[in-house]
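Novice: Protein chains in written order, with our numbering: chain W, 1 to 206; chain L, 1001 to 1440; chain E, 2001 to 2373.
Straight line, CA to CA, 27 Å or less: simulated DSSO-like cross-link-like pairs of lysine-lysine: (1) L/Lys1052 <-> L/Lys1094; (2) E/Lys2132 <-> L/Lys1440; (3) E/Lys2156 <-> E/Lys2197; (4) E/Lys2122 <-> L/Lys1432; (5) W/Lys71 <-> E/Lys2197; (6) L/Lys1432 <-> E/Lys2135.
Just so you know, these hints were derived from the structure itself, not from any lab.
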Amino acid sequence: MSQGTRLLSIWGTTFAVAALLSGTGSGGQEKKEEQERQEGQALADSILSQWKRKNPEKASDWVAEEKERHKIQPPADNSALLQSGEQGKGHVYGQYTERDLLMWSRETEKLVVEGSRIFHDADALRSTVAVSCDMCHPDGANTHPETYPKFQVQMGRVALLRDMINWCVEQPVRGTRFEPDDERMRALEAYIYAQRRGKSLEYGKH
Amino acid sequence: MHGKYRSFHKLLLVFASALALSVSLAVSLPLTGQGQIPRAQHGAASMDYQIKELEKLMLKADVAEAPPGFDPVVWQAFVPEDNATTPERVALGKKLYFDERLSKDATVSCATCHDVTRAFTDQRKTSEGIAGQLGRRNAPTVMNAALLQTLFLDGRSPSLDHQARMPITNSVEMGFPDGESAARAIAGDTEYKKMFQAAYGRDVNYEDIGRAIGAFERTLVFVDSPFRRFLLGDGNAISADAKQGFRLFNEKARCVTCHPMNLSNPLGTDNRFHNIGVSARTQNFELLAKNALAALAQDPSAEKLEELAIGTDLSELGRFMVTRNRSDIGSFRTSMILNIGITQPYMHDGTLETLWDVMDHYNKGGEANPYLDGGMEALALTEQEIDQVVAFLFTLTDDRFRSENQRQMELQRAQAAQKRPFRDDDLAFRRKMAFEERIK
Amino acid sequence: MRPKHKSVETRYMEERNEFFQALKSLDRRSFIKVSAAALGAAATRGIVPPTSFQPVRLSALQAGTGSDIYFAYISDSHLYEQDVNDRFVRSLLRAVDDVNQLDPQPDFVLYGGDLAQLGQAKELDLGAQILKGVKAPLRVMVGEHDWYLDLGEKWKSLFGQPTYSWDHKGVHFVTLMSVVEEDFWTVRGMSPMERMKTVAGLDNGVQRPFTVGAEQRQWLQNDLSRFGNDTPLVVFSHSPLYKLYKNWNFWTDDADEVQAILSRFKNVSVIHGHTHQMLTNRIGNIHFHGMLATAWPWPYAPEGMPPLTIQMSRPDPFNPQDGCGDGEVRVHPEGLVDKVYNFWNRNPVTVAREYTVSWGRESLPARPNRPSY
Chain W
1 MSQGTRLLSI WGTTFAVAAL LSGTGSGGQE KKEEQERQEG QALADSILSQ WKRKNPEKAS
61 DWVAEEKERH KIQPPADNSA LLQSGEQGKG HVYGQYTERD LLMWSRETEK LVVEGSRIFH
121 DADALRSTVA VSCDMCHPDG ANTHPETYPK FQVQMGRVAL LRDMINWCVE QPVRGTRFEP
181 DDERMRALEA YIYAQRRGKS LEYGKH
Chain L
1001 MHGKYRSFHK LLLVFASALA LSVSLAVSLP LTGQGQIPRA QHGAASMDYQ IKELEKLMLK
1061 ADVAEAPPGF DPVVWQAFVP EDNATTPERV ALGKKLYFDE RLSKDATVSC ATCHDVTRAF
1121 TDQRKTSEGI AGQLGRRNAP TVMNAALLQT LFLDGRSPSL DHQARMPITN SVEMGFPDGE
1181 SAARAIAGDT EYKKMFQAAY GRDVNYEDIG RAIGAFERTL VFVDSPFRRF LLGDGNAISA
1241 DAKQGFRLFN EKARCVTCHP MNLSNPLGTD NRFHNIGVSA RTQNFELLAK NALAALAQDP
1301 SAEKLEELAI GTDLSELGRF MVTRNRSDIG SFRTSMILNI GITQPYMHDG TLETLWDVMD
1361 HYNKGGEANP YLDGGMEALA LTEQEIDQVV AFLFTLTDDR FRSENQRQME LQRAQAAQKR
1421 PFRDDDLAFR RKMAFEERIK
Chain E
2001 MRPKHKSVET RYMEERNEFF QALKSLDRRS FIKVSAAALG AAATRGIVPP TSFQPVRLSA
2061 LQAGTGSDIY FAYISDSHLY EQDVNDRFVR SLLRAVDDVN QLDPQPDFVL YGGDLAQLGQ
2121 AKELDLGAQI LKGVKAPLRV MVGEHDWYLD LGEKWKSLFG QPTYSWDHKG VHFVTLMSVV
2181 EEDFWTVRGM SPMERMKTVA GLDNGVQRPF TVGAEQRQWL QNDLSRFGND TPLVVFSHSP
2241 LYKLYKNWNF WTDDADEVQA ILSRFKNVSV IHGHTHQMLT NRIGNIHFHG MLATAWPWPY
2301 APEGMPPLTI QMSRPDPFNP QDGCGDGEVR VHPEGLVDKV YNFWNRNPVT VAREYTVSWG
2361 RESLPARPNR PSY
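With these hints in hand, go ahead and build the complete structure from the sequences.
Specialist: As structure tokens, this is what we get:
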């Protein structure tokens, strides 16, 4: 986070917390404190967006922004790893800390969130008809990544998820195909898999 | 030996080799050499000539096995349970295929419209049957028909064995009033009696006629094209243009959506029925559909349906006549594209004469009508891209027909250079919208 | 080991033969009834496609007896300018052609909202111009995509007030502007286009839920005050007027209040857009029906689906118009409707009034053969 953003977030949170504290009391105070918290947050939001508009290149918390716009499934909860069994203490590669988990999940999330950003942006997809993926797949619905690989009749061959993504980019979106190792393709795949969290694999399902 | 004898010997040798040369030249005529081919009725080559040509074409393979390069499991699924391919059945089917006695006036055999010398079709707009009557539909090729899931352009026949016997009782094609009369026409022939017994253990009968012809047709597999060699790794098998054409086929031109090609299904058809608007140019579907329902209300028999489907305007309703589904109005089966270079003219009514015409039709998104398949879109293909796709299509012809393919390519190119009646750049490049005219 | 299965064609042949056999045994009168069937009759008799007899483009609903009202609809076209996206334009043109071909012509054609994609003047003008080609009288309804660029200025100049009512053959019709969102844009300092793009994203969580709003609810209350409980009532609304899935704004936040206003009426039919799919629901005496889009189909929501909904078959992406189309509605004198979904490249599907009246026990519409994933 940049200096400016960090300052403002701290400022905004402080204001909100102050509002909260000033309203603390017995049950009847709850509504008031909720109102004040909202007001505080709204004010912070507005100041932040004004600042962002004036300093677009410095507004770098795009991850939070994108998550505010679109619901994204979180990555798996790895906290069980922290309660290692007895071997953990003596296992050089097996000692995980909270900060490790935080860094890994932040990085994972960033690829997924970047995928969400591209998924929802017709220009990022290089569409010539102003169509983005979310027009047929809101929140990544109906992408069914768990069914690949499967024989895709109209491609005349067995397709993997990225083949289907490329097909969609070319046909409904009328954009340009991505190379398989293009970062944007990787991000899109990451987002699509993320949104289908919890589904069991069922390749070949039509 | 003394001199005189020696020179006579030499002369004999020269004479013999000259004879051999001229005989071999005569025998190795190109498949559709002009003016040299003896003719039968209705424009077909004579049956004997066709049989000779067929000998030259056939692979000497074990008929019980899948043809080389085919997925054997998929192949087995296409051979009916009651008609496993045996040499006796194939021989019987071959005899029947070329037998003109299977038509009422003894002038039409299967080979009349599915002529060995004309790419196993007749290369005519629509086919000619007994008494010179013209049908309404273009004859599909028999080559590789064994791998189609349904037969006839409207899919009303569920198997090759069923389809093979249908034209025999069609009044426009071979004209027998029913199957029994057809069987009677050949039952007297002792040769047939023997062959039927050997093949099926039964007397001459109509259904077995179909089965035998089906068994024979299953041997007519022609998939050895330059494109196939390219797919199997020979980078030089097709030109750079054709390679680019294949890319376009799979991408911008959207052909692969209905014409997928792979080892399990090498034909290039999805076996489904689509309305691409070919007959919408000349029909009013709404009116036709109303008429169809009215006529069927009078006489709802299956025979009536056959009559209507083939003999009247209602034929243009395509698959609707079979299923009565509104979504099938004007739909015909996706054509296979193997050997497409030599099976002109194209489309169910033969109205598209060259592959350039076909490309123009698709490029502008077909012809707008209320039942048009939504997969038809204006493609915005440039002239060069069209040429490339056509170059690719001409690589799909079996090597055995190479010279005919070359000849067709030149003929079609020359014709396309003169006229492109289906071309519409405004529609193709999306300057004009497809349904705009209809609602003005 | 050869798989023993019947090919599609064998099954078709068998069905067809059975069918012809059955036909031969019908007497002439029954045969005519069957063959010229209005879709409603066919549905109640349980005749199911593929041997369906819908007389093509003869309206699937024959002009009935008495004072049935019959209207057609086109909805959710999401137009861009033609040189940006020609596909959506072509689909709207196709829908207009469809309704013009109907025989007999409907009493009126309803446009269900979201005519433009980003509410731009050029898009709305293009849509208005294409809709001029509709032969029957046109009634329009506004959607969120039409509204949130300029908060309705252009829409009102083209089509007048978004909220209105009228009477026709004894049925009272109301059109609501049900996509009112609480102001989320001022606080964030959004430009009009940013606001529009936020609303245009179905899954965009920054926007607020749709509402009818207190002002319009009051208007509705007043408008309906002169009608007795027996008056047949049809309400057109872009949002569904019930709560299905909040994430996609398949939702009307004050649905309970609106339903309360409508609850005293014996039969209320709500026809809504926005969902781009076949959708059926019933709450009390209110029967809800969704409209198809011309532009693209939405998938079904992961939760909150009304139990009465029989889903449409999953669309095939290789046909960009699969799952899209237009439709027809017959309003019976008592205010219940038969709703026909006219899919492109599919057989039409009818949801007859008997279906919602019987809470889904009778007259079931055709089931999907490709279920949602």
